[in-house]
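Colleague: Which chain is which? The protein sequence lines are W and E, in order. For any residue, its number in this note's numbering is found by taking its place in the first sequence, counting from 1, and adding 89. Numbering follows this note's numbering, with no gaps: position 78 of the second sequence is 63.
Calculated directly from the structure, the hints in this document are not laboratory data. Do not rely on the hints blindly, as some may be mistaken.
[Claimed, not checked] List time: in silico DSBU-like cross-link candidates among lysine-lysine, alpha-carbon distance up to 35 Å: (1) W/Lys234 <-> E/Lys1; (2) E/Lys148 <-> E/Lys127; (3) W/Lys234 <-> E/Lys127; (4) E/Lys1 <-> W/Lys620.
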Amino acid sequence: MSRVIFLDGSSLPDREIIGGKAWSVARMRSLGLRVPPAFVIPVDECRRYHDAGRKLDDELWSDVISGVRAIEEATGRRLGDPDSPLLVSVRSGAAVSMPGMMDTVLNLGITDEVAAGLAQQTGDTKYARDTHARFCHQFGDIVLKADLDPYVAGPTADEVRALVLDDVGEPIPDDPYAQLRAAISAVFDSWESARARSYRKHWGISEIGGTAVTVQAMVFGNLGEGSGTGVLFTRNPLNGDPTPYGEWLPGGQGDDVVGGTHAVLQLDALLEKMPAVHTELLSWANTLEQENREVQDVEFTVEQGRLYLLQTRTAKRSPDAAVRIAVDLVNEGLITEDMAVQRVTAEQVDTVLLPHISAETAATAKVLASGEPACPGVACGIGVVDPDETERRAHAGEEVVLVRPTTSPNDVHGMIASVAVVTDLGGSTSHAAVVTRALGRPSVVGVGDGTAMSMAGKLLTVDGGAGKVYEGRLPLIATEVDEHPTLRTLSAWASERCTVNVVHEFLGSVVDLDADRSAVDAETGKIDVEKLTALLTGAEAAKGGVLNSPEGAQAIAASGIKTVVTPRRLPIQLRLIQQ
Amino acid sequence: MSDLDFLALHGLAVRKHGGPATVASLIGADEASVAVALEGAVANGYAAGAKGIFMVAPAGQAYLAEQYPVVFADARGDEAFVNSYERFEKVNVDLLNLMTDWQTMPAGGGRVSNDHSDADYDQGIIDRLGSLHERAERVIGKAADAQPRVGRYLERLEEAYDKVLAGDRDYVSGVRVDSYHTVWFELHEDLLRMLGRTRQE
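Assemble the whole structure, with the sequences as input and the hints as a guide.
Modeller: As structure tokens, then:
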């Protein structure tokens, strides 16, 4: 019996035995979906490798070669054959993901001859050269542990190889099988890296056996007409609309879509060129959504008219979409109401309910500055340049927008005191953006040199989601749960399931936690659950913003208080249900 | 002014305000001596303080601006140190991208706030933080060879990273704690002040 498992879908071994990546491949195969052929070296081989003194024994290696043969048969390509080269990815896969584990090595099997062959078949010399250089960089960095700067396109494979040799004194093998053997060993070695070991020790999971290694064929989205790569969301991830939404990049390979390096087309372009592939894709994506009972984000590649699924996972979505999708999935019979009230978080509901500027208002308002949206939300206040003045005036009860040319740690206290932040310089990944997002302050960055100064002393409305600063105080629209089509439904389900009475009004004695802040640390804002529980214990009812937090929900549950009074019931109800 | 007096004022300026313990941790000196130094700065009119919390006064800012070229002349003239700063700026770009990926997630052409409900996504970022921290060790380590005081930031980054690994998510980008970003931001400010560079954002 072979010690490697070919993932053809005929069986579905436990995730603990083959790791998450291989499991996902096997599962898609068992659903009858096409994925690039792969085999896995299961977890127990990791221990065997280390017991043998970090050595792959000959028997395992010959099974690995059989695994490669099986992939070659399925793809009609051969490892190291310049005329029809097989390239593979090598990935680690433990039951639990942890730091220190080896990242993926892609395009393994590329050599000087193979690169020349690829250039000819793809008609794209640059692609072949870049892929070769990128592989050498990745192999040098990850397998040979060379100290390299992050990869940037440009240097040739020879140049990267020289850098690696210079740093570690060991060459990158030009034999694909030597590459494969080294990469597999590197995955097993990474299991015993200092970082991975201390992580397991810290979390008390030392008993987990090891990592699996998945070896999978690479497919090519750049083999001329009828090839390409893309992503498909089974529903629109921004508004939750139940129509598939996707991006398609004809002739694209690998990370081209995700990496944002190429202009991508909408999915309709695929429908036009290859209607059969489009139909197949939608049908497969639907299968995955039905199976997983969740909206899916599917990565795919089309190689000469043949569709391959590369990966599927639960799609990230906006708060609006999260609410809409949860309710729609119940209506479609995919999930229960119980599941829906578990899936939507209080934070998502709070975000949907944030006040916003109507399109009509925005169209007629005077825009003082435009920049990059750094943290969403709308706030209004007087523009102040100096952070100390911001803090002083905010403490005196004024609403202040901090407007800065740039931001340094010296401005952080002003950012904390402000209702919104605007900066002249910097992009959506600047220090200012990072700090305002951590604080949840609406912010617009990069509005242009000298702009912030010109807004000092003016009354401003900042729309952090749109990246706009308007003159004056604009009227805001507040969404109410009862007026929102899907929140209303969700709220009804939550009310049926919440055992604490969460109400708008209460006639009786109510503990006011906005007045008594003794459970909140004044400097860090941290909520002390025990103190809060003590405040609630024995009380008839309570109110206060602090209750709409994870700590608040814990304290409510622990204290056994029967009634909570709040203008917004749904977020607290969801927190209590999800306890 | 003694070296410690100057460094205490400089450390206070990097943070804007804080008590002796905070400043002592930042410059890697003992708390009692820093307390004395900060009291001295108040007496000189370089700092203001109340209830054990100090901040740099305008006169102190002016004094620092005037002294930096003198006190940090050797750092500014040290090619190795300046080179490691240039490398720090490169890692800084990746650090800020990482922080952005921690706080927000891509969703169909846009980005949404990370609600930390996807453990795999978060773990992926923490893994990246691990590799970035290894790069930071190399870069800041080289800077500390030239200016040993900078090594103190590496210890503080290590502490933040350990807390993140221990599951305290606030130590990635939290503002009110000595998170990885808070310490990094202060290191950035410190290096800019030492080298007399202007912030680009």
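Colleague: Hinted pair, alpha-carbon criterion (35 Å max): lysine 148 of chain E, lysine 127 of chain E. Please report holds or violated.
Modeller: Holds, at roughly 24 Å.
Colleague: Are the Cα positions of lysine 234 of chain W and lysine 127 of chain E separated by 35 Å at most?
Modeller: holds, 19 Å
Colleague: Straight-line Cα separation of lysine 234 of chain W and lysine 1 of chain E no greater than 35 Å?
Modeller: Not OK: lysine 234 of chain W and lysine 1 of chain E at ~40 Å, beyond 35 Å, violated.
Colleague: CA of lysine 1 of chain E to CA of lysine 620 of chain W, is that 35 Å or under?
Modeller: holds, 32 Å
Checked against the numbered hints given earlier, this structure breaks only hint 1.
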